[in-house]
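Visitor: Each chain is listed here by its residues.
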Amino acid sequence: MRIPTTKYPVEQYQLANGLRVVLAPDRSAPVVAVAVIYDVGIRSEPEGRTGFAHLFEHLMFQGSENLEKLAHFRYVQGSGGTFNGSTHLDYTDYYQFLPSNALERALFLEADRMRRPKITEENLRNQIDVVSEEIRVNVLNRPYGGFPWLRLPPVMFDTFPNAHDGYGSFVDLNAATVADAEDFFTTYYAASNATLALAGDFDVADAQALVEQHFGDVPARPAPVRPSFAEPDLTAERRDSYVDERAPLAAFASAWRVPDPIGDFAAYLPYVVLAEVLTDGDSSRLVERLVLKDRAVTGIGGYVGFMGEPFEVRDPTAMLLSAHLPPGGSVDAVLGTVDEELDRLATGGLVPGELDGIKARIVAQLLRDLDPVLGRALRMGTIAQQRGDAALTNDLPRLIGEVSEESIVAAAASLRPSRRATVEVVPGGAS
Amino acid sequence: MTLREVPALAAARKLKLPKTAERTLANGLTVIAARRPAVPLVEVRLRVPFARTNVARGMVLAETMLSGTSELSNVELSTELQRIGGGLTAAVDPDRLLLGGNALSSGLGRLLDLLGLVLSDATYPSGEVAAERDRLADQVRVAKTQPAYLARAALNHRMYGRHPYARQTAEPEQLAAVRPAALRSLHAERVHPAGAILVIVGDVPPAKALDAAEAALSTWNGGGKSVELPAVPGIEPGPVTLADRPGSVQSSLRIGLGAVGRTHPDHSALQLANLIYGGYFSSRLVENIREAKGYTYSPRSSIEHSAAGSSVVVSADVATEVTAPALVETWYELGRLVSTPVGVDELEQARQYGVGTLQLSLATQSGLAGLMSSLSGSGLRLDWLTGHAERMAAASVEAVTEVAERYFAPANAATVVLGDASVIEPSLTRLFPVTRAENGHGE
Numbered sequence: 001m002r003i004p005t006t007k008y009p010v011e012q013y014q015l016a017n018g019l020r021v022v023l024a025p026d027r028s029a030p031v032v033a034v035a036v037i038y039d040v041g042i043r044s045e046p047e048g049r050t051g052f053a054h055l056f057e058h059l060m061f062q063g064s065e066n067l068e069k070l071a072h073f074r075y076v077q078g079s080g081g082t083f084n085g086s087t088h089l090d091y092t093d094y095y096q097f098l099p100s101n102a103l104e105r106a107l108f109l110e111a112d113r114m115r116r117p118k119i120t121e122e123n124l125r126n127q128i129d130v131v132s133e134e135i136r137v138n139v140l141n142r143p144y145g146g147f148p149w150l151r152l153p154p155v156m157f158d159t160f161p162n163a164h165d166g167y168g169s170f171v172d173l174n175a176a177t178v179a180d181a182e183d184f185f186t187t188y189y190a191a192s193n194a195t196l197a198l199a200g201d202f203d204v205a206d207a208q209a210l211v212e213q214h215f216g217d218v219p220a221r222p223a224p225v226r227p228s229f230a231e232p233d234l235t236a237e238r239r240d241s242y243v244d245e246r247a248p249l250a251a252f253a254s255a256w257r258v259p260d261p262i263g264d265f266a267a268y269l270p271y272v273v274l275a276e277v278l279t280d281g282d283s284s285r286l287v288e289r290l291v292l293k294d295r296a297v298t299g300i301g302g303y304v305g306f307m308g309e310p311f312e313v314r315d316p317t318a319m320l321l322s323a324h325l326p327p328g329g330s331v332d333a334v335l336g337t338v339d340e341e342l343d344r345l346a347t348g349g350l351v352p353g354e355l356d357g358i359k360a361r362i363v364a365q366l367l368r369d370l371d372p373v374l375g376r377a378l379r380m381g382t383i384a385q386q387r388g389d390a391a392l393t394n395d396l397p398r399l400i401g402e403v404s405e406e407s408i409v410a411a412a413a414s415l416r417p418s419r420r421a422t423v424e425v426v427p428g429g430a431s
Numbered sequence: 001m002t003l004r005e006v007p008a009l010a011a012a013r014k015l016k017l018p019k020t021a022e023r024t025l026a027n028g029l030t031v032i033a034a035r036r037p038a039v040p041l042v043e044v045r046l047r048v049p050f051a052r053t054n055v056a057r058g059m060v061l062a063e064t065m066l067s068g069t070s071e072l073s074n075v076e077l078s079t080e081l082q083r084i085g086g087g088l089t090a091a092v093d094p095d096r097l098l099l100g101g102n103a104l105s106s107g108l109g110r111l112l113d114l115l116g117l118v119l120s121d122a123t124y125p126s127g128e129v130a131a132e133r134d135r136l137a138d139q140v141r142v143a144k145t146q147p148a149y150l151a152r153a154a155l156n157h158r159m160y161g162r163h164p165y166a167r168q169t170a171e172p173e174q175l176a177a178v179r180p181a182a183l184r185s186l187h188a189e190r191v192h193p194a195g196a197i198l199v200i201v202g203d204v205p206p207a208k209a210l211d212a213a214e215a216a217l218s219t220w221n222g223g224g225k226s227v228e229l230p231a232v233p234g235i236e237p238g239p240v241t242l243a244d245r246p247g248s249v250q251s252s253l254r255i256g257l258g259a260v261g262r263t264h265p266d267h268s269a270l271q272l273a274n275l276i277y278g279g280y281f282s283s284r285l286v287e288n289i290r291e292a293k294g295y296t297y298s299p300r301s302s303i304e305h306s307a308a309g310s311s312v313v314v315s316a317d318v319a320t321e322v323t324a325p326a327l328v329e330t331w332y333e334l335g336r337l338v339s340t341p342v343g344v345d346e347l348e349q350a351r352q353y354g355v356g357t358l359q360l361s362l363a364t365q366s367g368l369a370g371l372m373s374s375l376s377g378s379g380l381r382l383d384w385l386t387g388h389a390e391r392m393a394a395a396s397v398e399a400v401t402e403v404a405e406r407y408f409a410p411a412n413a414a415t416v417v418l419g420d421a422s423v424i425e426p427s428l429t430r431l432f433p434v435t436r437a438e439n440g441h442g443e
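Chains as they are written, first to last, in this note's numbering: chain Z, 1 to 431; chain Y, 1 to 443.
Any given hint might turn out to be false.
[To be verified] Derived, one-sided and incomplete: chain Y residues facing chain Z with beta-carbon distance under 10 Å:
hint	residue
1	Lys16
2	Lys19
3	Arg36
4	Leu41
5	Arg135
6	Arg141
7	Val232
8	Arg290
9	Thr296
10	Ser302
11	Ala324
12	Pro325
13	Val328
14	Gln359
It should be emphasised that the hints constitute simulated quantities derived from the structure, not laboratory data.
Glycine included, each C-beta is placed from N, C-alpha and C at the ideal position.
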């Protein structure tokens, strides 16, 4: 099969204040996406302030140099657009998706809060309450809340940046102060630590002029030096478990460290493909064996990166397998079968045609991610920030196509029990 | 610090609909295709009328329809789909069976062939059915621990009484009892092209997409019968229904109101009234109970259209200790909407949002396919959006206020609260008449 690709044109440059700019024009529909990505995430929040990166993201919507509280939402939606932001391990993004006649307004709104968010005690307390309800609805009040993305890192990692709960504890959230927020903004929200990405219906020269007009006078501050978050690989298996009072059935997730996604992309990509070989669809190795044949799990998923975003994460990260068990199921037995299937792959290799189908599915998903201009702006902006060149976005299908069978077999052989961290959900019997 | 002005909007571009083509095949299947060439992919959505089927059998049928044909096992079908970078899924709701799929655009013909194979020749193999119905039963057991599921089930029961919409999910034991023979006869009886609508969107010329559909699906059996549901009953006003969930750290508030479908003259104004109430972030409900009071993370209201009726559903998950005040505010905002005129500025803002987001909804393949399929369920096509945009643009303060009075009256609402009754019942009963949910509708 011929691997299709994308050829989105992309312009990249930096403003004098250090803001990186990515412009990806596409006049096919009268819509535009504006994204600002700050190079700071959960891993950078200070000890004693778990959840702060996410809380700060909320504060960025609470007013800015020229705008009162609620104004941001009203201006975006009153332009026929939508907005949001999200906090990740290594970055935080803010974005609007709007009819293209609102482009300049969106640029104004982003520049205004890049100059200075308006952070008051009242708004801070209000958003601590809102974030607390977000944690209750997404984690505490449902079965399997935060599984495995909040539950597995503390088993696998030893240092605070990698191991801590990114949603945060109520104690830490309630201890947050306006001064903390101002410090965080000053340190991490410098223009030189951010990437502005536009995708959609605009003329490049017009957009360049508007970007300069609105962002050119955002004051320059030095970008913080990004520390290394490296940790050594595991040398002995780690296991942990916890009781989930709301969960009716057992579940587990395992992870193995993978090569540095940025520093060694060629060694990293085979794991992205391997995760799909193992778990994508009824014909994948582990679904066929564990779900369809043995019926030892009710479902299994595999992916790279704790938040499931293989092209938007830095080192250290991992490949994960996550499975739910039927009544009476055994985690040990399933892990034994996983080892057996990994051995079979490592020693027997792939069957003819297996890899082509998997690659076609991965490439189709990559293309689907880029169909919305918002997905395009976010991926291009993040790739520019982490890898220095947004155009790599167009190369991803080709690079997936070039992943060799040998490298996948070698990746499978590296997933030994001694390098594995596993967390198990013990059902609390509620139902 | 100089005060800067927020830039005005540039001139809006007119709503531009994609190129579409439509054909009804001899067997009764309607095919609608639209072109969006942004990426070399294609999306398909097929809706097959499926009203008044046994809930448990319908759920297991959707779960096992892709488990094999007389030519292909489930693993072989999955392999064939992977070759074209594709996938197929099946789901049911009380109105229809929905098959969705996608593939690289070069694989459209093959995707439709495989879809046709499943429609004409799904075999429901005994081993696979036994495994899948157990998995489904486990999934329902997990769902029954989720507040979102429980609260919605309790609301459906409260709103719909004896109508089939009242129970949309089967019990685990009912699922476990479904036999392959029952699935084969349900398929033979109800999976037919008469009244079914296939939507194809992607990097394929519409005429070619129609030809591909005709080539693959014209042999799909045209028999079957047409079954319609009675219209949903009006909501009977009554006390707040309290469903107990011991130990819950939040309370799930759900309010249902009767509404009208997309073809009703009130519809466009209703959509604006809903936006003003709680239909987007810059609404009264969100600004009140989230941004001012911090009671909740994601309060909202939305209009839902089903074949037998439409409704407005308000939802908010709030901290247990503020359950009563959050419900007071939610009701207060309903009351304010029906007793005082909407503001000129807030209507203008809602109008901009309603019209502007139509552009956004057309700008992706999957969004466009979903929208076309959903409109087709109301007997409508994309061109309906043009009139809808014009009606929203023209709706006056008086018209929106009048429609709000008609549909948002708290006196006509069904209200359900799911939470830890031992904590919240005393404060709720001081405010409203409260009744406990019947057993089995909120566990």
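Visitor: Each of the hints needs a verdict: does it hold here or not?
Guide: Cross-check of the supplied hints:
Contact between lysine 16 (chain Y) and chain Z, as hinted, is supported at the beta carbon level, the nearest pair being about 7 Å apart and thus within 10 Å. Nearest Cβ of chain Z to the Cβ of lysine 19 (chain Y): about 12 Å, over the 10 Å cut. The hint is violated. With a cut of 10 Å, the hint placing arginine 36 (chain Y) at the interface with chain Z holds, because the nearest CB-to-CB distance is about 8 Å. Residue-level restraint check for leucine 41 (chain Y) holds (minimum Cβ-Cβ distance to chain Z is 5 Å; threshold 10 Å).
Annotation: interface hint on arginine 135 (chain Y) holds; nearest CB of chain Z at approximately 5 Å, less than 10 Å. For arginine 141 (chain Y), the interface hint holds, since its Cβ comes within 10 Å of a Cβ in chain Z; the closest pair sits about 5 Å apart. Among the interface hints, the one on valine 232 (chain Y) is violated; its C-beta lies about 29 Å from the nearest C-beta in chain Z, farther than the 10 Å criterion. For arginine 290 (chain Y), the interface hint holds, since its Cβ comes within 10 Å of a Cβ in chain Z; the closest pair sits about 6 Å apart.
A least Cβ separation of about 5 Å between threonine 296 (chain Y) and chain Z falls short of the 10 Å threshold, and the interface hint therefore holds. For serine 302 (chain Y), the interface hint is violated, the least distance from its beta-carbon to any beta-carbon of chain Z being 15 Å, above 10 Å. For alanine 324 (chain Y), the shortest C-beta to C-beta distance to chain Z is roughly 16 Å, which exceeds 10 Å, and the interface hint is violated. Below 10 Å, beta-carbon pairs count as interface contacts, and proline 325 (chain Y) has none with chain Z, the closest being about 13 Å; its hint is therefore violated.
For valine 328 (chain Y), the interface hint is violated, the least distance from its beta-carbon to any beta-carbon of chain Z being 17 Å, above 10 Å. Look at glutamine 359 (chain Y): its Cβ gets to within about 5 Å of chain Z, closer than 10 Å, so that hint holds up.
In this structure, the earlier hints numbered 2, 7, 10, 11, 12 and 13 are contradicted, and the remaining ones agree with it.
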